[in-house]
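K.L.:
Whenever a hint applies, use it, and build me the whole structure from the sequences.
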Amino acid sequence: MEVKGDDYRVWYEPSEMAIYCQGSLRLAGTEEYAPIVQILEKSLEEPPKKIKLNLCQLEFLNSSGINILSKFVIKVRQKETISIIVQGSEVIPWQGKSLKNLQRLMPSLKLEWI
Numbered sequence: 001m002e003v004k005g006d007d008y009r010v011w012y013e014p015s016e017m018a019i020y021c022q023g024s025l026r027l028a029g030t031e032e033y034a035p036i037v038q039i040l041e042k043s044l045e046e047p048p049k050k051i052k053l054n055l056c057q058l059e060f061l062n063s064s065g066i067n068i069l070s071k072f073v074i075k076v077r078q079k080e081t082i083s084i085i086v087q088g089s090e091v092i093p094w095q096g097k098s099l100k101n102l103q104r105l106m107p108s109l110k111l112e113w114i
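Following UniProt numbering, the numbering of the sequence shown begins with 1 at its first residue and continues without gaps.
Just so you know, these hints were derived from the structure itself, not from any lab.
Bear in mind that the values here come from a model prediction, so they are computed numbers and not experimental data.
Certain hints may be false.
What the hints assert, rightly or not - Computed spacing ranges between beta-carbons, pair by pair:
#	residue 1	residue 2	range
1	Ser-15	Glu-41	15 to 21 Å
2	Thr-81	Glu-31	26 to 32 Å
3	Ile-66	Pro-107	17 to 23 Å
4	Lys-100	Glu-45	25 to 31 Å
5	Leu-105	Pro-47	17 to 23 Å
Unchecked claim - Lysine-lysine pairs mimicking DSS-like chemistry, simulated, CA-CA at most 27 Å apart:
#	residue 1	residue 2
6	Lys-97	Lys-79
7	Lys-50	Lys-110
8	Lys-75	Lys-110
9	Lys-50	Lys-79
10	Lys-75	Lys-100
Where a beta carbon is used, it is the ideal one built from N, C-alpha and C, also for glycine.
P.N.:
Right, dumping it as structure tokens:
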């Protein structure tokens, strides 16, 4: 499953149980993020034991996108049987603070800096 825009790409690799996001996500509000939310929810349909969210190539994410990721992390936390690894890049400025905030929503969330 994949969603592409002019300057972004989001896809799910079931064989790796991984969601990849790259580019710049500057979509306006929940409605425009709906296809991405579908990918996130699809990854939880057959509950994996572990899911990976790779944001290493996501250069920009606006507040609506951060909200979508936060809601996804809360959904994973509610499942109780799924662990999540969020991979980020130390060279992309927005990721440092924002990804640590995801850890506040789910203390067992593992952050990996690549």
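K.L.:
What are the numbers of the hints the structure violates, in ascending order?
P.N.:
Going through the list in order, the structure violates no hint and respects every one.
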